[in-house]
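Whole structure, please, built from the sequences with the hints as guidance.
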Amino acid sequence: MAKMIKLVSGDGAEFEVEEEVAFQSKIIKDIVADADDVIPLPTVSSKVLIQVIEYCRKHAAVNSFPLSPSSSAAAAASSSSSISYSKPVSDPALRAWDNEFVKLNNSSLFDIVIAANYLDIEELVDLVLETVADRIKGKQAQEIRRQFNIENDFTPEEEEALRRENSWAFQNN
Amino acid sequence: MSFRSIVRDIRDGIGSLSRRSFEVKLGSLSGHLRGKSQSFVAEPHDSSPVIQSSRWASLPPELLRDVIKRLEDSESTWPSRKHVVACAAVCRAWREMCREIVRSTEFCGKITFPISLKQPGHRDGMVQCFIKRDKSKLTYHLYLCLSPAVLVENGKFLLSAKRIRKAARTEYIISMDADHISRSTNTYIGKLRSNFLGTKFVICDTQPPYNGAAICPPGRTSRRFYSKKVSPKVPSGSYNIAQVSYELNVLGTRGPRRMHCVLHSIPASALEPGGTVPGQPDNLVSRALEESFRSMSFSKSMDRSMDFSSARFSDIIGGTQDGDESIEAKERPLVLRNKPPRWHEQLQCWCLNFRGRVTVASVKNFQLIAATQPSAGAPTPSQPAPAEHDKVILQFGKVAKDMFTMDYRYPLSAFQAFAICLSSFDTKLACE
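Protein sequences appear in the order of chains A and B.
Every letter in the first sequence is one number past the one before it in this note's numbering, and letter 72, counting from 1, is 375.
Every letter in the second sequence is one number past the one before it in this note's numbering, and letter 324, counting from 1, is 518.
Please note that the accuracy of each hint is not assured.
[Stated by the list, open to error] Computed footprint of chain A on chain B; a stretch qualifies when at least three of its residues, placed anywhere within it, have a C-beta under 8 Å from a C-beta of chain A:
#, stretch
1, 249-255
2, 261-274
3, 283-289
4, 371-384
[As the list claims (entries may be wrong)] Derived Cβ-Cβ restraints for the label pairs, each shown as a range:
#, chain 1, residue 1, chain 2, residue 2, range
5, A, D437, B, R526, 49 to 55 Å
6, B, G550, A, N475, 25 to 31 Å
7, A, D337, B, A287, 35 to 41 Å
8, B, P535, A, R398, 53 to 59 Å
9, B, E294, A, D333, 43 to 49 Å
10, A, D314, B, S341, 27 to 33 Å
11, B, V346, A, E403, 37 to 43 Å
12, A, D437, B, L345, 32 to 38 Å
13, A, E403, B, A343, 38 to 44 Å
14, B, E294, A, E317, 41 to 47 Å
15, A, N408, B, H374, 37 to 43 Å
16, B, G550, A, R438, 37 to 43 Å
17, A, R438, B, P254, 48 to 54 Å
No wet-lab data here; the hints were simulated from the structure.
Virtual Cβ for every residue (Gly too), placed ideally from N, Cα, C.
Okay, here's the thing in structure tokens:
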């Protein structure tokens, strides 16, 4: 009988999940060690928590039922971690699932990365930031600002210097 | 209500792209996990108001650093390195983060922002570039090599130069714009000026060197290039940062000419262990070639250059003679000379080892090394130099018609290297 952990979102919804799913979050793992299995998460809304749980469920399943020696080695190593960013997900099926998972708008991605950062779910943080980096690539500054709703806080003189800088960088031969 | 249906309701609100596939997957997942289906204990209250606008501007710094670091790591070569430059133009927070993450050319060997062109080259190895000459337009374009093969014209544009004939001398205008090369634009970054005979050259920078010693006296400097187009806030000066001279050697025109290069903006101590080139910002990025970011107060050297612009010329010119006690031995300027070729008896020609980077014999080809002080006693040209001072700091040579390679390293900058190479094009010292 798997032990259940209860997560309570910021707007009061309760979600009961298996321990191994909840333990994808290092924070929760630490808290539960104190024998406390109702965990309030006031800064995480239901909408976001559902998505995060979905991710954790998928990754817990893969870690529990390794499809390949490499993923079981990853599971074994995961507790001792300080994995540097961008440890690639080795299982192609899981990578494909991850890529589908992040097909969200930038606003949703923001909420997820904030929650994942708060809950210390390293792989989810990596996944979202990698996605964001990909979305930035290939865009000029103005487009990046538009996409991510970031205000341009440079002065007109600075803008002028930036124009020159960018025009040099994007110079075609 | 089942887990699946609640999730479906919420996802309808979210507007996720692949709703249906998610539902199917969730179904199969719950089946997968030991046949249990999860159930909610309580229903969510009225959800908090949906926030439409993205809050990426308030991303915590450690996450912003992570994103930019990923980008900087993956876009390490040109042309994709331009994406790092684009990031640094998004907003101040992003620019600041780029500034922290991007390392200077001196240490990482990569050129990222235009400021890299006026900062010292790589300490461990040469930065490889090539120069394309257009004889009809009298222009020269400097590119960073993007592939090791010498004859492949695959490069990132760095600087351009245009030759202008004057009554008593020639000038080369140097610019960061490939198409419009002119002193009256804000992409003008410096020039090379020659004497009438083409034997002595002066490299002029629009930005001052770290010491005050090299400011051009007003009488000699032409101030005609102060144009209304240049923003009045931008100090567009003309500072003598280096001199290059050419002489025939003892064999006259039958032997390779001698080059002598004095770099006022680089102390000789830069080549000593632990030496540096002062006057550079620790992190690049923040400085555009013009100092319009002074309000962000990035580096001491920037503040110092502001002082130059407000100081009176008469105060500055007499700088070195003013009993300036800080001119010690270590502040001697760096002097470079060309490595003398060896006479190859069998081939009956003068040879320098360019390590494959120069393939066509030409009197313009050269290698510059540090000129060492003669030891007490007779100065002999065959005196063995300390190993550190035997490194080739700048190498230039022909590989095809109108195509030349230029390899440089610390402590020279791309701008200085380019200017020195331009002098080699111009010097009219005849040589067989």
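For this session: Please name the hints from earlier in the document that this structure breaks, with their numbers sorted from lowest to highest.
Result: 9, 10, 17
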